[in-house]
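Protein chains: 2
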Amino acid sequence: MFSTEKLLKLINNELVVQTSELAGQKPGRLYEPVKYSLEMGGKRLRPVLLLMANNMFTDDIKDALPAAVAVEIFHNFTLLHDDIMDNAEVRRNNPTVHMQFSENNAILSGDAMAFLSYRYLLKCSSARLFDVVHLFTNTALEVCEGQQYDMDFEDRQDVSEKEYIEMIRLKTAVLIASSLKAGAILAGAGNEISSSVYDFGINLGLAFQLQDDLLDTFGKQNTFGKKIGGDILANKKTYLLIKALENASGEQRKKLEKWMVPKAFDPNEKIEAVLDIFNQLKIKDLAEQKIDSYFSLASEILDAMPVEDKRKQPLKELSNKMLGRNH
Amino acid sequence: MFSTEKLLKLINNELVVQTSELAGQKPGRLYEPVKYSLEMGGKRLRPVLLLMANNMFTDDIKDALPAAVAVEIFHNFTLLHDDIMDNAEVRRNNPTVHMQFSENNAILSGDAMAFLSYRYLLKCSSARLFDVVHLFTNTALEVCEGQQYDMDFEDRQDVSEKEYIEMIRLKTAVLIASSLKAGAILAGAGNEISSSVYDFGINLGLAFQLQDDLLDTFGKQNTFGKKIGGDILANKKTYLLIKALENASGEQRKKLEKWMVPKAFDPNEKIEAVLDIFNQLKIKDLAEQKIDSYFSLASEILDAMPVEDKRKQPLKELSNKMLGRNH
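If you read the protein sequences in the order shown, they are chains A and B. Residue numbering for the first sequence follows my numbering, beginning at 23 and increasing consecutively. Residue numbering for the second sequence follows my numbering, beginning at 23 and increasing consecutively.
In short, the hints are calculated from the structure, not lab data. Note that the structure is predicted; figures quoted are calculated from it, not measured. Take every hint as true, because none was put in to throw you off.
PhoX-like cross-link-like pairs, simulated, lysine-lysine; straight-line CA separation at most 25 Å: (1) Lys258/B to Lys48/A; (2) Lys184/B to Lys48/A; (3) Lys265/A to Lys312/A.
Each pair of labels, with its calculated beta carbon distance range: (4) Asp298/A to Glu176/B: 47 to 55 Å; (5) Lys184/B to Glu214/A: 51 to 59 Å; (6) Ala45/B to Asn290/A: 39 to 47 Å.
We put the CB at the ideal spot given by N, CA and C, even for glycine.
The following block holds chain A by itself, in its conformation from the complex (with noise of 0.2 Å):
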């Protein structure tokens, strides 16, 4: 079985042959912030799980290798759009590329990255590609509408639980989700084994986006990659805010609401009289809790899968690592 460190390894080495040969494509300017968003790292998550979930099923993972890297240029090209729409200047400590470049370059970039991630797809000589392409294409205009309802929620006040866990499903879990399942599909798993291999990848990735959500409040700079606080500053609808509205007493509701309406503010004010009513409402541990419970789904899903133990233990490692668990 492929550890996680060696297919990343595997991931990185062809991420590099593959943005060594975009650098010397032109026009220069479109292919740049393309290699630029592929270079600044990142933890190569999604096609880590797309060729765990082919090893599962085979030995034989050098097909699957374009898919991988398909999914994650096209992460990365939701990234450069959504940097855009949601004005944020830094990703994984370095200027977001409508900052180093221009909001043309980003936008006109982004939708190359999006169409060469269909290239690299198509280079898959499976039997089964064209299931793929299909979930794919499903998942990318999923990836658009959870973006979207994230939007939306900008000028709402009253998103509820439910509709939030919604948003970062489509936003987040289902490219996790369809990852894992192409992984599955390109081995030749079966529909239902598959269709498993998904619902653990949703609910592992509302899991991790819970967790993201808690480490943007609750989490340390240098690690973490961007700043510190952004949601609460933004007004951004997390589950930390949703929890708070819904428990907050009459006080604590009309200061929260008193923070989230000015445009001018001493940020490090705003995220301290924040995080104390966070604090006096527990909400680090009513997160911690909803993340726990995903993530034992994903583990039952995981564990009742007709799969030899030894088979699913990359996979198990890797979940268990990516919500900061170690056991």
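Starting from the known structure of chain A, arrange chain B on it as the hints suggest.
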């Protein structure tokens, strides 16, 4: 044989069905701009060409209809994003999507349209659909390259005629050519003849784009649908400006360059002054000659195709109409 009018009706009916389906989909803010952009009308040139090429080789064009919808949606996706990048406020006498909704909407709904076009394409039931998905993906990347060259040219005063033709080949001609070729492939046409169909499309597309340049400066507002003189005001490196800079005397060149520097000017005065130099240099004639030469090439390729004359007739008529030739 299906006439342009018949095909147009077929496509518009299908688009009505598809857009009303989209209208019901959530989130509304994602799909409304898609509907808005598709309902704005337009000549539906690419889908008509696709079905016409299909009809050259088969009487049953039904199976190619989803591909026709796909290329129209793809084309509109490029318009949404190009209009942001070009700061265009009006399209087909309507506000552009980023003006009517927001820039974020135009980015994200544009993205969704790119994936929707794949979704429609994948509905075609043809043994050779795979070749079409490949073609479509490569074409999409070329279109991005063309748009990048177009933007690159904004900062340059030394764009050559050759560079310009390559830019419009990528930005405009390849999509027209690929639409035609896709129609041929889906009908089961062989490789050689499909390549001829593509080459016909490239030459037709080049003539068509040069014609568009010409109309932007020498056309009439209400029939053209965009503001006349927009290219002049934006210092766009069109065939007209490139030939004018190439052929200008020292004094004419100085005048042209003087008008390209200031950010604030009286628009009518600028249009008049630049037009005056274009007229002195007979730029309109030069452009018309160039259009004629590509159009003749296209016609020769079509004439040489080993297909019954009556099956070529609709394409012949439509290409004449596209270039404003009434014979």
